[in-house]
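2 protein chains.
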Amino acid sequence: MSVQQVKLTDAEWQVMECLWAGDPMSGREVTQALEPKTGWSRSTILTLLSRLEAKGAVAGNSEGGKKLFSPLLGREDAALQETETFLDKVYHGSLSLMVSALTQRQALSPEEIRQLHQLLDGLEGGNRP
Amino acid sequence: MSVQQVKLTDAEWQVMECLWAGDPMSGREVTQALEPKTGWSRSTILTLLSRLEAKGAVAGNSEGGKKLFSPLLGREDAALQETETFLDKVYHGSLSLMVSALTQRQALSPEEIRQLHQLLDGLEGGNRP
DNA sequence: ATGCTGTGATTACAGATGTAGACAAAAAGG
DNA sequence: CCTTTTTGTCTACATCTGTAATCACAGCAT
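Protein sequence lines correspond, in order, to chains C and L. Numbering-wise, the first sequence is residues 1 to 129 according to our numbering. Numbering-wise, the second sequence is residues 1 to 129 according to our numbering.
A couple of the hints might just be wrong.
Remember, identical chains collapse to one label, so a pair may be satisfied in a single copy or spanning two.
[As the list claims (entries may be wrong)] Capping the alpha-carbon separation at 30 Å, the derived lysine-lysine pairs in DSBU-like fashion look like this:
#1 K67 with K89
#2 K37 with K55
#3 K67 with K7
#4 K66 with K55
#5 K66 with K7
#6 K37 with K66
No wet-lab data here; the hints were simulated from the structure.
Could you put the whole structure together from the sequences, leaning on the hints where they help?
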């Protein structure tokens, strides 16, 4: 059932994003990877990694001195959870309400719309036995 | 251009939800409306209303002693902003990526899918000159 | 006038979050 | 071995959030 109900903060999410990209990483690697985007100091990253570890979202293996961190919480799981929370809060849990709002504001590129269409068509095909 | 970049917390969002529902409301009305769902005390609500006022998300008109609060930030605007932030953070800004993730996890009811379909079809019709 | 009552403002406080310095143990280099 | 560098843990602290008690004042009832 994967890791339950872990709430990631924005900063933590960035760190996770890193770990999801290149699995076992040392603190330094994460720091370097995030440096351009965030400019956070080593300490900051390490703190975040600790908190994530405490939350059970990442595991730290300190075999032979050095410690390597890997995500325990999968990106898919995290994304899904975040999505549900978001949809509930903003669109009463309804995806179509969300899409509707976006289209009404013309916040979707034709490209996005095309892709969505394809997606849904594919779905129908797959669902029909 | 409506109110810029106001970030609403979860608690604040609930209060706004209230104000969006029945526009000018007194603090007491908001409190009563939220009581069943949240159980928050009058003080809590008033604090939240103040913070929202400070952020420029609601306006408080104290004509003739009593004070009435109305939203300055529209629900549509708030939702759109929240949506963009969310999409960027979790799905690199791509709605179809989100929908794809949802379908892969079978997190969409057939009903939702049907509605989405309709929505998109309607869109195409409207877009074709 | 005088004391309740309903209402907003002020103050409070614990826990979460963003951000980082100081310190200690371990590794690497000479 | 002893110094320099690396790396992780602890501690720190300002701000933001959630939540509320208390205060002060305006209006109503007596």
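Consistency of the hints with the structure:
When the C-alpha separation of K67 and K89 is checked against a cutoff of 30 Å, the pair qualifies only between copies, where the shortest distance is 28 Å, while the shortest distance within a copy is 38 Å. When the C-alpha separation of K37 and K55 is checked against a cutoff of 30 Å, the pair qualifies both within a copy, at 24 Å, and between copies, at 28 Å. For the homomeric pair K67 and K7, the shortest alpha-carbon distance inside one copy (24 Å) is at most 30 Å, but the shortest distance between copies (37 Å) is not. When the C-alpha separation of K66 and K55 is checked against a cutoff of 30 Å, the pair qualifies only within one copy, where the shortest distance is 21 Å, while the shortest distance between copies is 46 Å.
In this assembly of identical chains, the alpha carbons of K66 and K7 lie at most 30 Å apart only when taken from the same copy (27 Å versus 40 Å across copies). For a Cα distance limit of 30 Å, the shortest separation of K37 from K66 inside one copy, 25 Å, qualifies, whereas the shortest one across copies, 49 Å, does not.
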